[in-house]
Amino acid sequence: MTFAGLSGALVAGLFAAGSAALVALYLLKLRRRRVEVAFAALWRKVLSERETTSLLRRLKRWLSLLVQVALLGLLLLAIGDPRLGEVLEGRHVVVVLDASASMKATDVRPSRMARAREEAKRVVRGLPRADAALIVLAGAQPRPLGPWDIDPAAALRRIDGAEASDTAADIGRALDLALDALRGRARPVIVLVGDGAWPRSALERDDLAGVDLRYVPVGVSGENLAISAFQGRRRPDDRRRFDLYLEVQSFREAPTEVTLDILTDGVLAYRQALRVGGGARAWRSLPDFGAGGGRIEARIAAPPGADHLAVDDRALAVVPERRTRRVLLVSEGNLFLEGALLADSDVVLERAAPAAYDAAAAARFDAVIFDRFTPPEPPAGASVLYVAPGAGSPFGTPSRLREPILTDVAREHPAMRGVSMRDVNIREARAFPGREGDVALAGSFGDAVVVARSDGARRLVAIGFDLGQSDLPLRAAFPVLLANLLDWFVGEESEAEAFATGATWRVPVAAGQTTAAVVTPSGRKLEAPVVDGRAVLWADEVGFYRVAGATIAASLGAPEESRIAPRAQLVAAGRALAPPRAGRSGLRRDIWSYLAALALVIAAVEWVTYHRRVTV
Amino acid sequence: MKVEEGEGAVVFDEGFLKKLEYLYIVSRKLLSGQSRAERRTHKVGSGIEFADHRDYTAGDDLRYIDWNVYGRTDRLLLRLFEEEEDLHIYLLIDASRSMGLGARPGVASKLHYASQVAAALCYVGLANLDRVGLAGFSGNLGARMSPARGKGRIFKVLEFLGGLRAQGATDLAASLRAFVHQTKRRGLVVLLSDLYDPAGYQEGLNLLRYHRFEPFVVHVYDQQEARPALRGDLALCDCETGEERELTVSSKVLERYAAEHARYLAEAEEFCSARHVPYFRTHTGVPFDQLVLRVFRKGGFLG
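So the sequence lines, in the order shown, correspond to chains A and B. In short: position in the first sequence from 1, add 440, done, that's this note's numbering. In short: position in the second sequence from 1, add 76, done, that's this note's numbering.
Result set (DSS-like, lysine-lysine): computed pairs, CA atoms no more than 30 Å apart in a straight line:
| no. | chain 1 | residue 1 | chain 2 | residue 2 |
| --- | --- | --- | --- | --- |
| 1 | B | Lys232 | B | Lys95 |
| 2 | B | Lys94 | B | Lys232 |
| 3 | B | Lys374 | B | Lys260 |
| 4 | A | Lys485 | B | Lys328 |
| 5 | B | Lys328 | A | Lys500 |
| 6 | B | Lys227 | B | Lys374 |
These aren't lab readings, by the way, just hints derived from the structure by calculation.
Construct all of the structure, not just a fragment, from the sequences and the given hints.
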């Protein structure tokens, strides 16, 4: 026991002095009120009866003294503010609360997140008062919910504000954050509260060795069905229309009948029953589903108890309405180019001879194609495609390649989607030196032959060979490449725009804007900065966003979140994680109030018994 | 008319005297048919009513020899007659310190109360042409008023009573021993006292009986003595002896004391009853005239 108020020695000294004073007072003769009576002999008889119990009376007198001494002792102890337990250095406990999408599962009522909050609160309530707690919310961007809390009530309030997001949990970064917060602090403890559906690699790290790592599992069931893929793609033959592809995955052992609904602008457009085998996938391809320009939402509905996570039962997409693009072709004449461009009904083509090229007029077009002609400066504003450019192009002076074989293709680039460059024959090509930020769409053994560059809102592409010296125009890939390039130039993807939660988005906005107004699915209003003509924002909600007036669809960006089976046991740093243990009582478990209350009770009992003449 | 005697003395005012007159009238009704001042004593002497015979001894008056008996039996027997004389009534008032206690608004001290009762009895006695004497006592017999008769002497009685002071410790035996030795004429002795004598009241009463007085006991006590309103840590001091006792008075102690006091009163009554001594117990809250009437009704005091 330790005294937080008066020191133990002072308490003992005061007690000794007070007790001595009390004993002295008891030894002093009580000055009694003098009363004259008519006949003391009668009182003497009464007293003689009482004297038979004189031993008891003496005992009562000593008992009364003991009560007074006990009262004094209790009051002095209360003033001394004694604390039970040892003088312990408090622990520093970081409670990492899983806020991933899987924590929205309802296999435990009302939800895993609510249960996790309760578990985290239980951990905090069980902490001795010497401990300090830090609550970290582990979403896609882990963050502390506040500073270190010594007061458990403050930590409990912070836990109340923790909500799961529609993202995966970056448990690795959450642990980084926790370790940073614990650096240099005594007796570090990390308590992980969640379903444990985290990558094993995130926990296998050496720097956890010196930390008391604990785990509180949440969740009981892995029963779930999810839309694992949802894609809208413009049809190559008619880019105004699109095909849909959808895939449903089961995380159950038994086969499940689900109902698939697809809504366009909130109106049911398609419904079909799907049978998904246990642990299997079922897919549906819906060709020529419709025209662009609307919100597309897919939903699945499973029997009760078969699907505990709702957030992955929705998948969203927006297929923008395809708009007309104005293209200027500056060429001495190229039937391959003209033919491919004229085949695209959304292209309004104008032609100009190199001699008649007017840079100012060219700036009004969405895209300008320079065929074997290189102006001194690219036109301002418009995106540009250089075909066999000369030395004056923005891509620098190229070097010659004879009969190159295209070995490298950037398939992930929107311009190369659906384009096969295999076995393309080129008589002679030019390799561009390129610069940082350039993307080699196609190359030969490291030499960039087709290069793309984003220059602010404007985009530039250079094809390093004369189309007439190649068989590319004769291939099916050529019109597709050209259409992809024009889509990329104007910011329209060939696939329906589907953003994923938990990622940073770059959404093209109208030129000249520095910020973009954002409205989230839950109605929150934000302002996103615009960098290089694109609004940069980070989202953690599934739903339709409004960004600078345009609609964007965001689906769950972490397929692994659908695998909601909880892990009852976690292994980290080579050891199985145990539940948190209650700390040893530190100094803050004060008992002065109990002592004062006990003194009050004794005083009350003494008062009552005195007035009832029991103790006198 | 008003009689006042000294500070703290008993005060007899006009109303009191009227009440005495009322008591006298009431007593006449209660005692109607009995002759005035003709109470026979047990004394054998020169009366005309035959009482008994006794053997003749030398020196006896020859006139009282019963010659008829001598003629039949040859024995000289003397005829005895009951002697007729005035009744002597003695009122002995306890004037010890304990009798001075208990005075409070609306309630008189025991001495005051006893004086009122004594005055009333005196008045009725004087009016009945009895010879009434008074004496106060505490540690010993105090001031006395010689026996007198006639209503006119009531003022002297009142003056005497007004002069009584509550002082000294009670010694009933010594006081009554002195009384019986100083009083030649036997008669009725009305003892007004609280009987708070550490040595006991029994010896004193027996002295009266043994000396052929007819004792009447009027036992006066204060209700607050029976159930005192005391509480807490006290030093109890006997007002007469000065004896001090420390005591913490609780309800239980009070209950025990009340029982003890009641037992004390009961013992006094039992003592008197066993010896055919009329006993009247009263507390100072009872109007004195009611007590006097009770005495009259019981009989024996008059007629």
